[in-house]
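Visitor: Based on the sequences and whatever the hints tell you, model everything.
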Amino acid sequence: MAPNPNLSREMPETMQESLNRGAEDDDAPGSNTMNPSSEAATPETSETPETPDTTHAPPAKRDWRFWALLGSISLAGLLTALEGTITSTALPSIVGDLGGGHLYIWVVNGYLFAMTAMQPLYGQLANVFGRRSPMLIATALFVLGSGICGGANNIGTIIVGRIIQGIGASGTTVLTEMIICDVVPLRERGKFLAIVMGMIFLGTALGPFFAGLVVQYSTWRWTFYLALPVGGAALLSLFFFLSVQYKKETNLATRITTIDWTGNVIFIAAITSVLLALSWAGVSHPWSSYNVLVPLLVGVAGLAGFLVFEGSRFAPNPTVPLHLFSNRTSVGVLVMTFFHGIITVWQLYFMPVYFQGVLGSSPSRSGLQILATVLPILPAAGIGGGLMTKLGLYKPIHYVSWAVTLIGLGLFTLLDRDSSTGDWVGFQIVYSMGAGMLIPTLLPALLAPLSESDTALATATWSFVRSFGMTWGTAIPAAIFNTRSDELAPKLIHDATLRAEISGGQAYEHATAAFLGTLSPDSLVEVTQVFAQSLHRTWLVSLAFAAIGFLSVNLEKEVPMRSELETDYGMEEKQKPKASEA
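Position 198, counted from 1, in the sequence shown is what this note's numbering calls 740; the numbers after and before it change by one each time, with no gaps.
Please note that a few of the clues may not be correct.
[As the list claims (entries may be wrong)] Pair by pair, the computed Cβ-Cβ distance ranges are: (1) SER760 - VAL842: 39 to 45 Å; (2) GLN758 - PHE608: 35 to 41 Å; (3) ASN695 - SER630: 19 to 25 Å; (4) LEU917 - ILE949: 14 to 20 Å.
[As the list claims (entries may be wrong)] Cross-link-like lysine to aspartate or glutamate pairs, in silico, DMTMM-like; alpha carbons within 25 Å at most: (5) LYS932 - ASP605; (6) LYS1033 - GLU1051; (7) LYS1033 - GLU1043.
What the hints contain is simulated information worked out from the structure, not anything from laboratory work.
No residue lacks a Cβ here, since even glycine has one placed at the ideal position from N, Cα and C.
Guide: So this is what it looks like as structure tokens:
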């Protein structure tokens, strides 16, 4: 299957026809293949999809090239995830050194916006130009952005560097997962995604901790400079070991014209508007203000318009083909992915609020305490991915994973000022075992009812949905925490000045050990009580989001997972020596 063999054929169907495609054979693997934006299947394959052999073939023997490739993309994923969160802790030092006033928030938002908005485009670029070139360019952009940030002498320069970093991180995030799907059969992907995505999660969780150490013992610039040697090593290893197949059957100009430029412009503008609203909500402006509601509603309308455009005849090669949503399994997985993204960031950001704002831990100590969440994630992901490979099933794993996640979040509601170390350690482990098993099993479940030709666009869409969920995972709990603190402060805090300090949406930013250290013993008890009870409400609401994830499992069908790899983008075969002539 060559990339875009139907470039000259326009898609004549309407949006409704696109949505209905594959409905007659819902969830049949390979039934959703009529997509001119990807390597479309032959007409015979599209009309009469074959059921894959469900017998679990013995795992293929993999040589050193495979493991070198796995190590290379894992390193790239770890680095981009680490840099994504490392700035949150270093930001006060950056602002103190460079100034910038209200622009400081764009040091974080510039990266986040670029990384989230560019992911669907990378899926299409990977189909049009193969996996190798976009991955190398994305990694190089990330390293370039890191160097710009490290050498910045004003806030504007560092914001530009962070945007470049985000564009690079967007590509490495999508392509890392995509490459695993290209070189490993569907049934075995879980165990290898557990390694790669476990490293990404590890980097996300440990970023603030390492930033605290760097800022404490050196300068904030090293939070970016450290990415240069590591990123350089990742780039070199990718250059030598990322040897995957790619068939060039059209010239460069033709390939460029197949990209859905209009759709991507609509999408990037719409998602930027939504993210802008989320970055302002509860921080710069109240949720109910027009400053938040207008860009939020405009962005949502833009996303709706984007989907209409993608299903129209004006998008013959859509970035997000609507047939990705034409079966209930893929829809269920995307819903779960969105809510898993919300819950993941929710827990990672608000356990430190408990440690610092209730227990009075320093940022570095809080980074150690959150290890009870981070360390179990890797074995949990390995268990989930291994079970999926062994059993060839994902639905039971998702039920169990969400159930354990719900139990963990429920246990967090019991935490207060008097909770023991065993409590907060044990509760985190329970939560991590549930959330961790979901990490490597969602993407293979999404791909199970789809054709292999949909891998790139489906993976990019899935990655975007996860990142989009993560952006809500900070805005929603922060609003709940601040609102509940505003309700409790008049009842529990007697000092009017102190009460004003943590009211009006300011509770979240004051939930630090440094702030608690300025309080008298009586005021300390009152404030920590407010924070603890506000966190209790926050964890209670998180249960509702996790419950939606649990219920979404009911949308899934157990589709047989392919044991054979059929792709145009697998690893290049080693050249075999020619047989000597007789």
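Visitor: Next step is simple, just say for each hint if it's right about the structure.
Guide: Verification of the hints:
Checked against the hint of 39 to 45 Å, the C-beta distance between SER760 and VAL842 comes to roughly 43 Å, which is consistent with it. Taking the beta carbon of each, GLN758 and PHE608 are about 40 Å apart, inside 35 to 41 Å as hinted. For the pair ASN695 and SER630, the beta carbons lie near 22 Å from each other, so the given range of 19 to 25 Å is met. At about 19 Å, the CB distance of LEU917 to ILE949 agrees with the hint of 14 to 20 Å.
For the given pair, LYS932 sits about 22 Å from ASP605 by alpha-carbon distance, which is consistent with the 25 Å threshold. Taking the CA atoms of LYS1033 and GLU1051, the gap is near 20 Å; set against the 25 Å cutoff, the hint holds. Proposed proximity of LYS1033 and GLU1043 is supported: the alpha carbons are some 15 Å apart, at most 25 Å.
Checked against the numbered hints above, the structure violates none of them.
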